[in-house]
Amino acid sequence: MIEVRDLRREFTVTTKVGRFRRDKQVVRAVDSVSFDVAAGEAVGYVGPNGAGKSTTIKMLTGILVPTSGSVRVCGVDPSRARRDLARRIGVVFGQRSQLWWDLPLRDSFDLLRAIYRVPKADFEARLRECAELLELGPFLGTPVRQLSLGQRMRGEVTASLLHGPELLVLDEPTIGLDLESKERLREFLADLNTQRGTTLLLTTHDLDDIERLCPRLVVIDRGTVLADGPLEELRAEVAPERVLVVDLERPAELDGLHGVTSSRSEPNGLRHHLTFRRADTTAAALISAVAARAEVHDLVVVEPEIDDVVRRLYARR
Amino acid sequence: MAERVYVKLVGARLRGQMSYRASFVLQCVAQAVNQLAELVIILVLFNRVSALGGFPVNEVVLMYAIAGTAFGIADMVAGQLDELPTYIRTGTFDVLLLRPLGTLAQMMASDLHLRKIGRIGAGVAVLVYALDQNDIAWSPATAVLVVAAPLSGAVIFSSIWITASAICFWVVDGQELSNAVTYGSNAFTSYPATVYGPWLRRFFAFVIPGAFVAYYPSLALLDRPDPLGGPVLLGWISPLVALAAAVAAGFVWRTAVRHYRGTGS
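Chains R and L supply the protein sequences, listed in that same order.
The opening position of the first sequence corresponds to residue 1 in our numbering, with each subsequent residue numbered one higher.
The opening position of the second sequence corresponds to residue 1 in our numbering, with each subsequent residue numbered one higher.
Just chain R, same shape as in the assembly:
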């Protein structure tokens, strides 16, 4: 679905030096980025601000022409076949609207139907489905400028799906949304991916989006790919430690257990946090070791937070 090879994009930044002199500087926003996305995948494209995410997205969607390297999306070169590609992909920008500000949502959809030349029956069916799942009914007749951000985003996502795209690219789709709106949107996108087979590529700062939607993660920083793989593998690689939290029936010491790299107990002596590495021992072995020493009331294994995983990836370079 997406094929990116040695993608590079440079910008010339001019800064004013003195009254007339200007310094020109070439900045590499994206530098030798390569990755593939197969049809039906859901991939999170993450990285800090200025990492090159949006620039990559713009090259994938045909807005920007790469400085060098190659991109193929849905089998075409986005910069050459921009209009062809536009019919086959959907794009949602969290920060800019594709709807008509002073028209009712319904009219915006009608215009998009004309622009993308969607057959009426397909259009009606898709709109009906989105309207039902995203609960657009109550505000279909409201001008876009009067919608709340959450309502508008649901409108934006619907707008990007009316022509039945094979690939949906989302740039910060949940930015600024409240928890409930985020959750509703994630659920919708997850269904779209698993039920409909629509390929998803999304950039986000909200790692919950990734956890919820994307089995695979591409991490980018300063224009280059730092890591690419399933979230679980990345976790195991850079954050191999897990924590076993046990609540005991009676206060007890839990020192010197095999495989525990560090431990901490709360003052009451009942709750213990035992950090261990996957390579050294398994959760099951550690639990039975604990159970042999004291009577266990409750326990839970805590995986490292995804933020933590990404932070470590950044730190590693």
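A portion of the hints provided could be inaccurate.
[Said to hold, decoys possible] Keeping only pairs whose Cα atoms sit at most 25 Å apart, straight-line, the calculated SDA-like set for lysine to any residue is:
| # | chain 1 | residue 1 | chain 2 | residue 2 |
| --- | --- | --- | --- | --- |
| 1 | L | K8 | R | L112 |
| 2 | L | K8 | R | W101 |
| 3 | R | K120 | L | R4 |
| 4 | R | K182 | R | K120 |
| 5 | L | K8 | R | D84 |
| 6 | R | K24 | L | T255 |
| 7 | L | K8 | L | V25 |
| 8 | R | K120 | L | Q133 |
| 9 | L | K8 | R | P119 |
| 10 | L | K8 | R | L103 |
| 11 | L | K8 | R | K182 |
| 12 | L | K8 | R | R88 |
| 13 | R | K182 | R | R145 |
| 14 | R | K16 | L | D173 |
| 15 | R | K120 | R | G197 |
| 16 | L | K8 | L | L101 |
| 17 | R | K182 | R | Q146 |
[To be verified] From chain R, some residues computed to sit far from chain L (all C-beta separations above 12 Å):
| # | residue |
| --- | --- |
| 18 | T15 |
| 19 | G18 |
| 20 | T194 |
[What the hints assert, rightly or not] Where chain R lies over chain L, by a calculated footprint (3+ residues, C-beta under 8 Å):
| # | segment |
| --- | --- |
| 21 | 3-12 |
| 22 | 34-41 |
| 23 | 82-92 |
No lab work stands behind these hints: they were computed from the structure.
Treat the numbers as computed from the prediction; the structure is a model and nothing was measured.
Ideal Cβ positions, reconstructed from N, Cα and C, are used throughout, including at glycine.
Got chain R sorted already, so can you dock chain L onto it with the hints?
Okay, now just chain L, sitting in the frame of chain R:
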């Protein structure tokens, strides 16, 4: 098919504008007054002089009327291009690039300044008056020219607008410069080309083909030889000049958009 989309887009914009009827009417009136104010300036001028660049008041009013009507139409159709810097700055232009349509058509369809109807109406009214006041040898050819001149003029003005707006792809704050060209060429075309110095004249006549908006067609309508010695033919070729201007403008726009996609902002 693309035209149907355009009609739909424009129709939607109109519905939006018409929803505030009273303010719409007021804006139309304001536009008409604006247009007529320029006429008053010409009339005041002729209180002091009997001819301007060798042309009496009725003939100057004819040129002014053709130019005013043409500019009104161009402003209605292409005036939205003034928003281009905002589109670029806010990233709305990127959204246009995500759609399976040309950017220029989308830009122009994104809004239609229907209130300019006031300006066009005033221009047409003055044109009718001027045609009546001047001694015109009516024939099928002159009748066609009367209609073709403002329309060709509108195409020429729109082409100027497109070309000048394209500056903003290189200089985001190029608005002032591009306005100087568009509104400046309007001011130029409202008067006989003979009132300007030779260099300015050549620039506006042939580089920016402003003289083909009103000056040359008026000469043909009035059946007057060009005081500057141009061939009679010049009065009849405005539609061709308009076509050439449109092709050139399209080329400039494409180049500009390619530059934008190549360097980003």
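To see whether the hints hold, each was checked on the structure:
no.	hint	verdict
1	L:K8 to R:L112	holds, 10 Å
2	L:K8 to R:W101	holds, 16 Å
3	R:K120 to L:R4	holds, 15 Å
4	R:K182 to R:K120	violated, 30 Å
5	L:K8 to R:D84	holds, 21 Å
6	R:K24 to L:T255	holds, 23 Å
7	L:K8 to L:V25	holds, 23 Å
8	R:K120 to L:Q133	violated, 55 Å
9	L:K8 to R:P119	holds, 16 Å
10	L:K8 to R:L103	holds, 13 Å
11	L:K8 to R:K182	violated, 34 Å
12	L:K8 to R:R88	holds, 22 Å
13	R:K182 to R:R145	holds, 20 Å
14	R:K16 to L:D173	holds, 16 Å
15	R:K120 to R:G197	holds, 23 Å
16	L:K8 to L:L101	holds, 14 Å
17	R:K182 to R:Q146	holds, 20 Å
18	T15	holds, 15 Å
19	G18	holds, 20 Å
20	T194	holds, 25 Å
21	3-12	holds (count 5)
22	34-41	violated (count 0)
23	82-92	holds (count 3)
Figure legend: structure checked against the earlier numbered hints; hints not met, in rising order: 4, 8, 11, 22.
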